[in-house]
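S.K.: Take the given structure of chain U and dock chain C to it, following the hints.
Here the protein sequences line up with chains U and C, keeping their order.
Everything in the first sequence is counted per my numbering, starting at 872 for the first residue and increasing by one.
Everything in the second sequence is counted per my numbering, starting at 872 for the first residue and increasing by one.
Since the hints were made in silico from the structure, they are not lab data.
Please read all numbers here as calculations on a predicted model, not as lab measurements.
For each residue, glycine too, the CB sits at the ideal point set by N, CA and C.
Among the clues, some could well be false.
[Said to hold, decoys possible] Every beta carbon over 10 Å from chain C, so not counted as near; a handful from chain U, in silico:
| id | residue |
| --- | --- |
| 1 | Glu985 |
| 2 | Glu1077 |
| 3 | Glu1100 |
| 4 | Asp1195 |
| 5 | Arg1417 |
| 6 | Val1423 |
| 7 | Lys1450 |
[Claimed, not checked] Below, simulated DSS-like cross-link-like pairs (lysine-lysine); rule was C-alpha separation at most 25 Å, straight line:
| id | chain 1 | residue 1 | chain 2 | residue 2 |
| --- | --- | --- | --- | --- |
| 8 | U | Lys1112 | C | Lys1278 |
| 9 | C | Lys1365 | U | Lys1498 |
| 10 | U | Lys1460 | U | Lys889 |
| 11 | U | Lys1278 | C | Lys1112 |
| 12 | C | Lys1032 | C | Lys1079 |
| 13 | U | Lys1450 | C | Lys1365 |
| 14 | C | Lys1468 | C | Lys1365 |
[Said to hold, decoys possible] Covered stretches of chain U (chain C as the covering partner; in silico rule of three or more C-beta atoms under 8 Å from a C-beta of chain C):
| id | region |
| --- | --- |
| 15 | 1017-1025 |
| 16 | 1174-1183 |
| 17 | 1206-1216 |
| 18 | 1265-1273 |
Number of protein chains: 2
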Amino acid sequence: MNEEKYTKTVPMNQISIKDTFWSCYRELARTKIIPYQWEALNDRVPGAEPSHCINNFKIAAGLKEGKFEGFVFQDSDLAKWIEAAAFSLVWYPESTLEQTVDEAIDLIVSAQQEDGYLDTYYIINGLEDRWTNVTNNHEMYCAGHMLEAAVAYYHATGKRKLLDATIRFVDHIDQVFGPEEGKKKGYPGHEVLEMALMKLYEITKEEKHRKLAKYFIDQRGQSPLYFDEEAKANNTDPHWKDSYFKLQYYQAGLPVREQDKAEGHAVRAVYLYSGMADVVRETGDDGLYQSCQRIWDNMVHKRMYITGSIGSSSYGESFTFDYDLPNDTVYGETCASIGLVFFAHRMLQISPKSEYADVMEKALYNGIISGISLDGTKFFYVNPLEVLPEACEKDQLRRHVKPERQKWFGCACCPPNLARTVTSLSNYIYTKNEDTLFLHLYIGNESKLELNGIETTINMTSNYPWDGDISVEVSPVEAMEGSLAFRIPGWCRKYTVWKNDVPIVPDENILKDGYLYIQGKWEAGDLIKLHFEMPVQVISSNPRVRSNIGKVAVMRGPIVYCLEQEDNGAQLQQIRLPKDSQFTCHYEKDLLGGIVKLSSNGMILDNNGWEDNTLYRFYTEDTFTAKELTWIPYYAWANRTCGEMSVWIRTE
Amino acid sequence: MNEEKYTKTVPMNQISIKDTFWSCYRELARTKIIPYQWEALNDRVPGAEPSHCINNFKIAAGLKEGKFEGFVFQDSDLAKWIEAAAFSLVWYPESTLEQTVDEAIDLIVSAQQEDGYLDTYYIINGLEDRWTNVTNNHEMYCAGHMLEAAVAYYHATGKRKLLDATIRFVDHIDQVFGPEEGKKKGYPGHEVLEMALMKLYEITKEEKHRKLAKYFIDQRGQSPLYFDEEAKANNTDPHWKDSYFKLQYYQAGLPVREQDKAEGHAVRAVYLYSGMADVVRETGDDGLYQSCQRIWDNMVHKRMYITGSIGSSSYGESFTFDYDLPNDTVYGETCASIGLVFFAHRMLQISPKSEYADVMEKALYNGIISGISLDGTKFFYVNPLEVLPEACEKDQLRRHVKPERQKWFGCACCPPNLARTVTSLSNYIYTKNEDTLFLHLYIGNESKLELNGIETTINMTSNYPWDGDISVEVSPVEAMEGSLAFRIPGWCRKYTVWKNDVPIVPDENILKDGYLYIQGKWEAGDLIKLHFEMPVQVISSNPRVRSNIGKVAVMRGPIVYCLEQEDNGAQLQQIRLPKDSQFTCHYEKDLLGGIVKLSSNGMILDNNGWEDNTLYRFYTEDTFTAKELTWIPYYAWANRTCGEMSVWIRTE
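Just chain U, with the same shape it has in the complex (with noise of 0.2 Å):
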């Protein structure tokens, strides 16, 4: 298949976000996750649990002594930090950062085997056990990591040391695993190395690399189970063999190719998919393919959140079925969401549908900054969309579920992940092929970029996502054919386009997948309008979903809405959203961080004589009072007092 039909990235080097709305999110990723998780590496974060993940490299290293401390999969925290650190030094260099960073690899380097491994629980706790436990011991998942910060060093530095290095481990692990004779016949427990293989074949375009990749990817879930034939060696019983999903836990109960739902861990599956799309683009499998795009039917249309979370059930922090969408009880981590962004661009990349987009956007607007504080000092792993605090504090099948977001301890999934993607989020504003940029996202940025060969400077301004009106400005540096595609989101029902001051109608001849082409000849100071119209929209889930029978959401642009108890008092759920509801918009800069609040009319249920020690009684008609209706942001939750949250809200 012709891999030229498919679109590819714009480098991170090439676009500068300014952006109002994220700024201060990557600004917070630069100036205080980044520097506090480097101090939590290091063990220096006064009153902090420990990471060891330093200290287990320096006693692999042999600089000094010590047992490996942390869990198995420790290792992978320097490695995120190391590519968080990576995407920000493209748009924000600082030597001190680069030479800390530099001083971390050598420190990596100098731990790393004579054969390329290079995973500090098993150079501390003795190698001949090495690959004995893929399962569940995290070797390829650190490993995927380390590539995946290696190769994000190597684009932001053009330095190669770590690079080099994984490459070494890269190799070894071809020599342990794949299809010849006397390998082994293993895949990767969590997922994250297919998709860092693909993107090192992207640097390297060497065939090893990628065949690497859609080996474990075609691997998986082949008979006899792999899983299981090592939890038999090793005497052991499979992890999971007591719940519904058993090795689907891992999506390897059967070949990926048969798979046709999004099952087990959310946030292995969404990391397995993407590296599945990034074969799909770098082989075009066909098979694969649909495989993946009946898996992202299943998942986007049928066990996500209206806020982009994935993952319904606690338990296994997984999947349960279709329209199993719990409010108060749902996990929805936090890694999952940025892993559905990453399955959503290979997506794009593929076949350019606005479908894909949408996602990205809802995801990265909602349940993933919904993840972290407006101060960048605390995070959410779950988000939920409906919160009682008394209920995480005493119902045990919530107390996953935190009305408050925690500081950063223990497993430090979430905040580094965050802070790779927000650091990292030019990727996701533009693809392109010769010819055509697809603008995706408008998030604010100037580019320079070659489009039909010559360079052309991008300047998109946006009050995104507070109002709807977005500048593009197109300066090719000389004449330019080519067509600018912008993606009309799914929440819009009316826009205007503008080129240069004249009314583009937006005919079938122009509008495809979601997007409106605008072809033709580019010159300097060319300038694309858009309107979005941006009125709050009231909406409904399938009745199948019965957490949300007989409730609305309400969003406006890609922000979804919710109700907080600070602002519209206890008991949310006696609050209906009536018919013919109205609302008003109003941008505060000075509430949380600076939002778009909305207010509407609302009714609340009225005491109708109800007395606090009378649980049941005769049935009358229900009466209700007017109330007004405060919205804030779902993302901004949490951010003032600890209360009642909800975003699904009863109507008439």
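M.R.: Using the frame of chain U, we list chain C on its own:
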């Protein structure tokens, strides 16, 4: 205080139940459950996990070699079986059964130690460790059940062998535990011994028995916390230390007199509260009574399902917090509702208020018998009010909820508890004091009892719960002055009462605490007729109950109804009961063992253009189509095909 102010139960052997509704359950217990359990205790049920129970006793008695097997509380299974058999023998003498019980008792007694100790787990595993883990190892729980069995068998047959043996065991316990210096300051980890001791006290009138019960109750939760001390001594962590409730799992986190909420493991809780009420009744302890009342109010008015189920959470089989009554993740153990009846029955003896009998009736006709299939062969431990079979399989939070009753395997608590409850049902119909007979439950029966010293036959006939017409013929052997106090059920809003066909005006002079007192001279053949109007009633719950907001339940008389998929199709959440709902009732003798089936108008959500693969869309007003709904009694659900079920239904 004056003990005489309290009422007492009428001895079981004075009451002969003749009731269509209940006779069937009693016959199931007598002809199926009791014989089946005897086989199970002897490991003779093909295909079932062995119980090991009888075998453990044989080993403990030195009759064979072997090791202890089964749960640490396995002895209690035999005790519960003997108790159920004893109750059955009261109303259905069977010499073969009695002989089998006698042999079982011979075996039990032959395992008893010189010093009175009697628990096969420690007799087999080593007596040196006995009483070192009363928190979790159930020695006093087994002792309690054995004592209850002994008391029941003594009442049934007059035979003292087991009674004397358990008195010796109690005397041993009394020497180990108590306030005196040198004695352990412990109390049962799983309560039941408290109420068992009070039953013993009623026979022996020995102060030491009452005193020991009171000690266990008063010592519970005193600082230093015995269970914490025990864990320390054993070098273990308290089992629930990471839970919200900690030692309140055992109702042992603070002194019982300071407790005012139903907390922790629900079965343990209601067994404790029952023992507390027993002590109140026999000592007039007002402080303890206030605690009973506070806990009752909290449990019944804030933490009880409409079916009389209690215990919202599967985690710890426990209570959670006020108004937290999820219908789909509920635990609602059958045994907990049985314990609720114990507690209600005791509160009723202290103070004849219809509220207690209402709860007793609610649990008996709903959340208890829902635990057994109509053919008596399958059981629910968990009694959900809303079921989606797919969720029971695929969502871990609901895996404890079964969509079909299970065969009796493993932990055998609920089936024998059901057996002993229905075989002893006559306990709950009446209480009396010197000159007043209280009629709490309208279960057909013929009784011979004394009122004001005069032997009186009471002949109650009814077709309850299917209609509200009850006849009570009162035949004293000679003219008798006294009162009959009839409960006016809480569900009843309109009723008529006649004495010898003369209507009685229920004014405030004869109405008190929900009872209608008919006082006067009674002569043979005096006939009281009661007509409780029994329309279908639509019930709503306190709007603080989130899971029931906007929903209603349907009752008729004491019976809670539900919708099943079998009658109403799938996706029950899409059904609404309109405000103007009209019901028709029809007795169907061949349906589900004979029930009054309800039909009503209803509405079902139209598809409104929803595609299976659309999850969210802009809100448009829902439309509905009329649909006839078919309602069956909740207790009878899951006796046909496996499907959805719901008690709480959306209303307009």
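S.K.: If any of the earlier hints don't hold here, list their numbers in rising order.
M.R.: Numbers 4, 5, 6, 7, 9, 13, 15 and 17 - these are the hints that the structure violates, sorted from lowest upward.
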